[in-house]
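Respectively, the protein sequence lines represent chains A and B. Heads up, the first sequence is in my numbering, so the first residue is 1 and it goes up one at a time. Heads up, the second sequence is in my numbering, so the first residue is 1 and it goes up one at a time.
It should be emphasised that the hints constitute simulated quantities derived from the structure, not laboratory data. Honestly, I wouldn't trust all of these hints.
With a cut-off of at most 27 Å between alpha-carbon atoms, the simulated DSSO-like pairs for lysine-lysine come out as follows [as the list claims (entries may be wrong)]:
1) K43/A with K87/A
2) K13/A with K28/A
3) K87/A with K516/B
4) K232/B with K177/B
5) K24/B with K310/B
6) K77/B with K49/B
7) K310/B with K86/A
8) K246/B with K285/B
9) K87/A with K310/B
10) K297/B with K86/A
Read off the chains here:
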Amino acid sequence: MTIRTELDQDAQKLTIAIHGRFDFSAHKDFRDSYEGLDARPHKYSIDMREAVYIDSSALGMLLLLRDHAGGDNADVEIVNCNADVKKILTISNFDQLFTIH
Amino acid sequence: MNAKTPGSGANRVLVADDNAVDRKLLATIVGRAGFEVIQAVDGNDAVEKFYAEKPDMVLLDALMPGKDGFAVAEEIKANSGDGFVPIIFLTSLTEATELARCVDAGGDDFLSKPYNRVILQAKLYALQRMRDVHQTVQTQRDEIAKHHMQLVADQEAAKAVFDNVASARNLEAPYIKYLLSPLALFNGDVMLAAQNPANNLYIMLGDFTGHGLAAAIGAMPLSDVFYGMTAKGFSLAEVVRECNRKLGSVLPSGYFCCAAALVVDFSRYTVEYWNGGLPSAYLRKLGNSELTPLASKHLPLGILPHDQFKDDTLIHEVSPGDRLFMATDGVIEARNSQGEYFGAERLESLVVNSPAESLFGSVRNGVYDFIGAHESDDDITMVEITVVAEEQLQAVNLQDSLDELGGPKDWKFSYELGPSSLKDFNPLPLLQQVLMGAPYLRVRASAIYTVLAELYSNALEHGVLGLRSELKSSAEGFAQYYQARAKALDQVSGSVRFEVEGSIQETQVELRIRVKDSGKGFDYESYLERARSSETTAGYHGRGVRLLWDLCETVEFRDPGNEVEVTMQWEHGYE
Chain A
1 MTIRTELDQD
11 AQKLTIAIHG
21 RFDFSAHKDF
31 RDSYEGLDAR
41 PHKYSIDMRE
51 AVYIDSSALG
61 MLLLLRDHAG
71 GDNADVEIVN
81 CNADVKKILT
91 ISNFDQLFTI
101 H
Chain B
1 MNAKTPGSGA
11 NRVLVADDNA
21 VDRKLLATIV
31 GRAGFEVIQA
41 VDGNDAVEKF
51 YAEKPDMVLL
61 DALMPGKDGF
71 AVAEEIKANS
81 GDGFVPIIFL
91 TSLTEATELA
101 RCVDAGGDDF
111 LSKPYNRVIL
121 QAKLYALQRM
131 RDVHQTVQTQ
141 RDEIAKHHMQ
151 LVADQEAAKA
161 VFDNVASARN
171 LEAPYIKYLL
181 SPLALFNGDV
191 MLAAQNPANN
201 LYIMLGDFTG
211 HGLAAAIGAM
221 PLSDVFYGMT
231 AKGFSLAEVV
241 RECNRKLGSV
251 LPSGYFCCAA
261 ALVVDFSRYT
271 VEYWNGGLPS
281 AYLRKLGNSE
291 LTPLASKHLP
301 LGILPHDQFK
311 DDTLIHEVSP
321 GDRLFMATDG
331 VIEARNSQGE
341 YFGAERLESL
351 VVNSPAESLF
361 GSVRNGVYDF
371 IGAHESDDDI
381 TMVEITVVAE
391 EQLQAVNLQD
401 SLDELGGPKD
411 WKFSYELGPS
421 SLKDFNPLPL
431 LQQVLMGAPY
441 LRVRASAIYT
451 VLAELYSNAL
461 EHGVLGLRSE
471 LKSSAEGFAQ
481 YYQARAKALD
491 QVSGSVRFEV
501 EGSIQETQVE
511 LRIRVKDSGK
521 GFDYESYLER
531 ARSSETTAGY
541 HGRGVRLLWD
551 LCETVEFRDP
561 GNEVEVTMQW
571 EHGYE
């Protein structure tokens with residue numbers, strides 16, 4: 001599992017790309033990816049293109065990011081989900097909290 | 001001279017040599033290197049001094065009278081326990097096989113005569129460092145072992161608490177089959193079951209994020225709320241709403257509980273459910289080849305704040321013989337040795353195709369056959385409920401001791417709900433609580449609650465909201481009815497008034513309940529006529545009033561049909 005981040009040029013949007021299994025082992029790296037920033041992006045995008053699996057502790061991490069990004073006012077999208085990942089997000093009804101593509 | 005290794009406690013060296021000159025020479029070299037020296041004159045003396053002085057290192061002449069160096073080394077190594085006492089053999093032997101024998105006997109190094117002071121010192125320091133490393137590892141190992149023991153003890157305690165809290169105590173009923181594997185339990189699965197005062201069965205299946213302690217922490221408040229509120233007669237929506245509030249306030253951010261809860265009403269033959277984040281539960285109707293999925297429509301418990309939480313539930317009609325199946329994601333995520341998932345399709349096919357009586361066993365065997373010997377993935381929590389006729393329900397034993405006749409002996413109260421209360425307040429738990437303040441009513445708690453619930457839902461739904469119960473006679477109509485109910489409730493105006501009177505004289509108990517609603521009434525004469533003539537309990541028509549007839553001595557409607565009075569009478573102690 002690896003995590004890569006990319007901040008766009010005017011530091012408005014942070015993209016966090018997940019590779020491999022997104023589970024508890026990603027906990028620290030995932031947090032570090034947005035907590036260590038000097039910038040305060042308005043928008044967050046979680047790129048799941050390379051993610052093969054997501055478990056409930058990863059769902060918890062997404063909630064932590066959402067809190068960090070402003071809770072109900074957060075603008076967090078989860079993009080490029082494969083069918084399995086999408087299914088888990090759907091069962092948990094996370095589309096009520098995140099924009100999911 | 002080499003620098004002395006710093007920080008070492010390994011300072012005492014036993015020097016064993018039967019040759020006095022050699023021994024003194026050695027003692028001098030070792031002493032100058034900064035060690036304290038203990039001298040032994042032969043093998044037996046060496047063993048004695050080893051036990052008496054507990055040296056940190058040993059220099060052994062290989063060939064000595066009595067016990068030779070090999071025998072001494074074997075004895076020392078055998079009796080050092082976990083400790084590491086380095087041994088250097090001193091020998092004039094030069095044959096490779098002889099030198100190898102020194103190491104075989106337990107020697108850590110050897111030094112050939114004549115002695116070279118610099119090499120001997122270097123070897124002593126090297127072995128001293130080894131001993132230090134060994135000691136550090138040993139200490140850390142002991143600490144880890146201690147922590148591990150503590151951790152295991154904590155987890156065992158957590159598991160014991162969790163077992164008590166999480167594994168349903170009320171699941172021992174013939175119409176419930178369940179499986180909660182130990183690993184699933186440890187992984188944060190919870191199964192709760194209880195009956196409300198009207199003997200409706202409440203079941204909740206939960207799956208906490210996290211394992212062990214983290215999951216056990218959330219299970220406690222969850223089960224407290226679930227058991228407490230169910231026993232008091234709160235509705236499913238009220239129970240899940242409070243579970244969400246409680247978990248939200250207890251669990252740290254990022255922790256939550258995927259849960260599904262349902263209520264089986266065995267007198268009205270309905271199942272009501274709420275699902276937040278668990279895989280679909282299934283309703284399998286008798287003689288129907290299609291499953292009704294009870295899908296997750298909500299976020300898991302503990303995520304949304306109280307004011308954003310959605311407690312809307314869905315209701316299906318059921319009849320005796322119908323089966324409900326629920327499982328946590330452990331079933332669909334069970335994997336076989338190739339890493340394939342069991343998946344929802346396999347599960348659905350088993351639930352719909354297995355013979356009804358062996359549904360549960362077929363699913364369980366199906367999953368276990370699939371995962372094969374892969375037992376570490378045995379993370380299975382599932383439950384099946386068969387809808388049975390009300391008579392087959394096990395009565396909850398609420399019998400109080402006979403001499404408990406305290407409390408109010410004659411009393412009455414009235415209680416009126418206005419439109420804002422009707423919209424979202426459930427008066428039943430409160431009324432039930434007031435009534436149970438009279439201990440002699442407790443033996444009939446279940447019947448009383450059922451009567452109150454029946455009278456209230458009639459007054460509200462047919463009286464105030466003007467809904468027609470005929471709608472409920474078909475499956476589609478049934479769903480429509482509850483949609484219409486929710487819509488009408490949103491803009492409700494009117495009121496419902498309870499007047500309740502209770503008394504006990506000697507052992508004669510009487511309870512009188514009058515309920516009047518603001519509706520315009522209805523043609524109750526012909527309604528009662530139809531209810532009387534309908535023999536079967538399968539119809540939805542008039543089931544409510546038949547229930548009242550069963551439980552009450554008298555049931556009396558008043559013109560124009562917006563007022564009902566019932567009496568319940570019994571002799572205390574002869575229940």
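These are the hints, each one checked on the structure:
1. With a CA separation close to 24 Å, the supplied pair K43/A and K87/A stays within the 27 Å bound.
2. Distance restraint check for K13/A and K28/A: the Cα-Cα separation of roughly 21 Å lies within the 27 Å cut-off, and the hinted pair is therefore satisfied.
3. The suggested pairing of K87/A with K516/B is violated, with an alpha-carbon distance near 49 Å, which exceeds 27 Å.
4. A C-alpha spacing of about 25 Å is found between K232/B and K177/B, which places the hinted pair at or below 27 Å, so the restraint holds.
5. Taken as a hint, the K24/B and K310/B pair is broken in the structure, with Cα atoms around 90 Å apart against an allowance of 27 Å.
6. With a CA separation close to 15 Å, the supplied pair K77/B and K49/B stays within the 27 Å bound.
7. At most 27 Å may separate the alpha-carbon atoms for a hinted pair to count; K310/B and K86/A meet this at roughly 22 Å.
8. With a C-alpha separation of about 35 Å, the suggested pairing of K246/B with K285/B is violated against the 27 Å cut-off.
9. Straight-line distance between C-alpha atoms of K87/A and K310/B comes to about 21 Å, which keeps the hinted pair within the 27 Å bound.
10. Our distance criterion of 27 Å between C-alpha atoms is met by K297/B and K86/A, whose separation comes to about 15 Å.
The structure does not agree with the numbered hints 3, 5 and 8 stated previously, though it agrees with the rest.
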